[in-house]
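Trainee: Based on the sequences and whatever the hints tell you, model everything.
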Amino acid sequence: MTLTTPSALDFLDYAPAPESRGILSLREEYGLFIDGEYVEGHGTPFATISPSTGEHLAMMAAGNAEDVDRAVAAARRAYTTVWSRMPGAERAKYLFRIARLVQERSRELAVAESLDNGKPIKETRDFDVPTVAAWFFYYAGWADKLEHAGLGPDPRGLGVAAQIIPWNFPLMMLAWKIAPALAAGNTVVIKPASTTPLTALLFADILQQADLPAGVVNILSGPGSMGSAMVEHPDVDKVAFTGSTEIGRGIARAISGSRKKLTLELGGKGANIVFDDAPIDAAIEGIVSGIFFNQGQVCCAGSRLLVQESIHDEVVERLKQRLTTLRVGDPLDKNTDVGAINSASQLKTITDLADAGEAEGAVKWSAPCVLPDRGFWYAPTIFTGVSTSHRIAREEIFGPVLSVLTFRTPAEAIAKANNTPYGLSAGIWSDKGSRVLAVVDRLRAGVVWANTFNKFDPASPFGGYKESGYGREGGLPGIQSYLTTGPTDAVTAAKGSTK
Amino acid sequence: MSRLSVAKTYKLYIGGAFVRSESGRVYEVTTKKGAFAANAAKASRKDARDAVVAARTATAKWAALTPYNRGQVLYRVAELLEGRRAQFVQEIVGGEGVSVAAANAQVDAAVDLWVWYAGWCDKYLQVAGTANPVAGPYFNLSVPEPTGVVAVIAPQGAADSLLGLVSTVAPAIVSGNAVVVIASESAPLPAVSLTEILATSDLPGGVVNVLSGSAAEMAPWLVAHADVNAVDLTGADELDWAGLEAEAAGTLKRVVRPTGRTLAPPALSRITALTETKTVWHTKALI
Chain A
1 MTLTTPSALD
11 FLDYAPAPES
21 RGILSLREEY
31 GLFIDGEYVE
41 GHGTPFATIS
51 PSTGEHLAMM
61 AAGNAEDVDR
71 AVAAARRAYT
81 TVWSRMPGAE
91 RAKYLFRIAR
101 LVQERSRELA
111 VAESLDNGKP
121 IKETRDFDVP
131 TVAAWFFYYA
141 GWADKLEHAG
151 LGPDPRGLGV
161 AAQIIPWNFP
171 LMMLAWKIAP
181 ALAAGNTVVI
191 KPASTTPLTA
201 LLFADILQQA
211 DLPAGVVNIL
221 SGPGSMGSAM
231 VEHPDVDKVA
241 FTGSTEIGRG
251 IARAISGSRK
261 KLTLELGGKG
271 ANIVFDDAPI
281 DAAIEGIVSG
291 IFFNQGQVCC
301 AGSRLLVQES
311 IHDEVVERLK
321 QRLTTLRVGD
331 PLDKNTDVGA
341 INSASQLKTI
351 TDLADAGEAE
361 GAVKWSAPCV
371 LPDRGFWYAP
381 TIFTGVSTSH
391 RIAREEIFGP
401 VLSVLTFRTP
411 AEAIAKANNT
421 PYGLSAGIWS
431 DKGSRVLAVV
441 DRLRAGVVWA
451 NTFNKFDPAS
461 PFGGYKESGY
471 GREGGLPGIQ
481 SYLTTGPTDA
491 VTAAKGSTK
Chain B
1001 MSRLSVAKTY
1011 KLYIGGAFVR
1021 SESGRVYEVT
1031 TKKGAFAANA
1041 AKASRKDARD
1051 AVVAARTATA
1061 KWAALTPYNR
1071 GQVLYRVAEL
1081 LEGRRAQFVQ
1091 EIVGGEGVSV
1101 AAANAQVDAA
1111 VDLWVWYAGW
1121 CDKYLQVAGT
1131 ANPVAGPYFN
1141 LSVPEPTGVV
1151 AVIAPQGAAD
1161 SLLGLVSTVA
1171 PAIVSGNAVV
1181 VIASESAPLP
1191 AVSLTEILAT
1201 SDLPGGVVNV
1211 LSGSAAEMAP
1221 WLVAHADVNA
1231 VDLTGADELD
1241 WAGLEAEAAG
1251 TLKRVVRPTG
1261 RTLAPPALSR
1271 ITALTETKTV
1281 WHTKALI
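Top line first, the protein sequences correspond to chains A and B.
According to my numbering, the first sequence is numbered sequentially starting from 1.
According to my numbering, the second sequence is numbered sequentially starting from 1001.
The hints are simulated quantities; they were obtained by calculation from the structure and are not laboratory data.
Here are the simulated lysine to aspartate or glutamate pairs, EDC-like style, with alpha carbons at most 20 Å apart: (1) Lys416/A to Asp1227/B; (2) Lys1284/B to Asp431/A; (3) Lys1284/B to Asp281/A; (4) Lys1123/B to Asp441/A; (5) Lys1284/B to Asp277/A; (6) Lys1061/B to Asp441/A; (7) Lys1284/B to Glu285/A; (8) Lys1061/B to Glu412/A.
Mentor: Right, dumping it as structure tokens:
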């Protein structure tokens, strides 16, 4: 089998098919959203840009500790006077409303997300935003059924939740955090990532349209120091964070000795294990979506491919062929498969780690694609000849870079898969069900995909083992993370999913 | 002439073996009234590390047993405790200064607690796991699994010197975890005697490792140990538990905070707090 060259694929060239930006009208500046209103922040406003072009999109207000005080006070007031007293059935209706409004404005949100994050419109349109609506729809139904959540007859919300979300799925992460918190009766102060604050503040507009009581959700754009102020605020009862393991450690340290509950969804170095009896066509697609979905900027990405030695050459060859057909470019183009890297600093992280991979002796291959002149881009890349000690096999790269390792026996695959301080995700490809289940049992990972990868659903709990964090988002454990049975609770654990 | 009794040497229990502290240290344990009771081993940080190694080795075997099997082992602990109650009553009366009736009640409660948790081994999964109705052709299941090695600071002080330890250790091992527990410093004798029961209950060596000595001295090493997955600070309310929790953040250990009580009331949450949830997606064919 020979590697297909780009020129042989010329017939696959499409005319550009950009999604219209007309559906989106951005304001020049977005305030913080506190107590139901857009207000000015006390920090220095900052620009949010499109990482695919560098284009200035809007100015964003920046909050500081003073704004955090205001927002937490508003959230506490809303919790005490409105939200915790409201019948669950009424809370549910607000969440259903929000789900519907997200669906109605889904194209606008998708365009905004692709612009601000750099990810392809086909992902924001077909995955991110539909998942946002699904998350609110799922948790809406829990709001009036909390007595069935497995915590006893009369569980209640914790109070004020401080939530900090990353830039890789900006609006989706917001939904993962806000929907269960509100359903359980909590009020929220949430901080979107500094490079992707736009859709969170557009979402505030949806909250106004939904007529959500003031203060129930407060949205603060701002720097990391503002996030620290949220975590450390004495009137916060719950902290939920998705992001890097390093920051997660700091948060766990910061809340120690307090009454605060914590859920952490942190980094990963997911192993995608391909056995020699795998359905190979499906496996190739699964490997590709496992690491190139969202430019690999996914905490649960299958960034380590463990392929059985006997099929290594075939898998690598077919992967290269497939990567050659990926379309890298304008995120708003409906044909684009791979968009821009989210920021200059993330691009540097990826580049540095990839350089280390070459320096340590792994063999690098990048898809022969033309990268745009402006913005932040990295071509889909595969490293072969990777050993377990290489940095590219150990450190989270958070980019479109796949490290290929081999194994001979299931025991070796399991040992290599578990050989990491992380434990978020794993994949198994095999046609033999009994082997899949046996391997599943021995993988130390919170989510295992068998003959699929990177699937998410509001009904399905998601979260990590070991240094990938604790607590679960999604499903029944996701609502338990925001509930308590009160001061008589037998266990006060620094873990959200106790029951 | 009355017969001279034979006193027992109270040792540590690490990896299924009864050992003295590698440090050679002991400390004097007295009765509530101040009389000499025994020289208990004063475990060192090296002993604590050895215990973690033993626990790590044991957890794979223990977790791999069927839940039915684990349940029977926990039940056997209850059986043997029942049969040897006199020894525990004597140690509790001496160490806590309570009546024989109260000591008997404590042993009753400890036996019953082992039985209660024994029954959870093959049930907690069904209560804490979920079948997930995802929007797609996937079989989707979430099941709790043991987190691995758990360091436990049992309730310190003289009250509930047997029951306090049992109330933290039994739930931790239900799911398949292995435990390193620091017994009550002032009243360690019932905990040490319990190891003789554990050793003869078909509990694999290393699943429960019992250290006597200073919790304040050993706890910082355990919460910072990179091969410990979770720490149960139930008995740490007199220690700098906030500092211990902060130290545990280094490798993002799961933390159970102090309750300020002499024992941990029976609760499913004691089991689930020391588990991980694994979600499995499997494709379904389109037929």
